[in-house]
Amino acid sequence: MSQVLEDALYELRAEVLNPLRDTSQYLSAEAYVHVETQPAVATANQIPQPDADSLLAMKSSDTFEHILARQRQRLASLGFTGSIHVDFDRSRNMPVLQAITSIVLEITNNIMKHGEPGRYVLTVVGHGNTAHILAANAIRRGESFDNELIPTPESLRFLVDSCNGTICVNTDDGEWTMSITIPVP
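Plus 14 on top of the position in the sequence shown (first one is 1) and you've got our numbering.
Calculated from the structure, these hints are not laboratory results. As the structure is a prediction and not an experimental result, all values here were calculated from the model. Heads up, a few of these hints could be off.
Unchecked claim - Straight-line alpha carbon distances no greater than 20 angstroms define the calculated EDC-like cross-link-like pairs of lysine to aspartate or glutamate that follow:
no., residue 1, residue 2
1, Lys127, Glu189
2, Lys127, Asp187
3, Lys127, Glu157
4, Lys127, Asp101
5, Lys127, Asp186
Claimed, not checked - What follows is a list of derived Cβ distance ranges for each label pair:
no., residue 1, residue 2, range
6, Ser176, Glu79, 21 to 27 angstroms
7, Asp186, Pro109, 31 to 37 angstroms
8, Thr77, Thr144, 19 to 25 angstroms
9, Gly93, Pro199, 16 to 22 angstroms
10, Ser105, Gly156, 40 to 46 angstroms
Glycine is no exception: its CB is placed at the ideal position from the N, C-alpha and C atoms.
Let's have the full structure, built from the sequences with the hints guiding it.
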């Protein structure tokens, strides 16, 4: 299973991240939801606790799309370019959507904190009874992590664990990749 995840992450890097670096043209706007500014979420008793910064910025009236829009704006203001691809039935399971929203917030905040400004990719795809979240970006210059030491917020691990999901994080050639799988009841 570990080899399958490593192969999938390598393929993500080879087929998604590297081509994004080499081209300024993105896939059609219909395939991608472009994100803009700050984090937002539901109330703390509705979902597992995200980090304190995310909680302060979250508003229960925000939709998933608005949250994505605000995060992209924050990323762009720091020099990050990329997109978030979402192919997930958001009406299917609200508690899972709330958890995915918090996970996306954690990942984008981690990109801002530890990533090198430039291209990033974040994909949320639903397939059958599973949601897959893949992310990749270059590690900020001056930071280096062994696979065992990659900073993954405890709140992110808690969110994934609370959904009975799995998380795999790897580094290769100055880039990190994260793969999360969550069952969708």
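Results of checking the hints against the structure:
1. Lys127 x Glu189: holds, 14 angstroms
2. Lys127 x Asp187: The given pair, whose Cα atoms are some 19 angstroms apart, holds under the 20 angstroms limit.
3. Lys127 x Glu157: At roughly 11 angstroms apart (the allowed maximum being 20 angstroms), Glu157 and Lys127 satisfy the hint.
4. Lys127 x Asp101: Outside the cut-off at roughly 26 angstroms; violated.
5. Lys127 x Asp186: holds, 18 angstroms
6. Ser176 x Glu79: 21 to 27 angstroms: holds, 24 angstroms
7. Asp186 x Pro109: 31 to 37 angstroms: Roughly 34 angstroms apart at Cβ, these two residues keep to the hinted range, so it holds.
8. Thr77 x Thr144: 19 to 25 angstroms: holds, 23 angstroms
9. Gly93 x Pro199: 16 to 22 angstroms: violated, 39 angstroms
10. Ser105 x Gly156: 40 to 46 angstroms: holds, 43 angstroms
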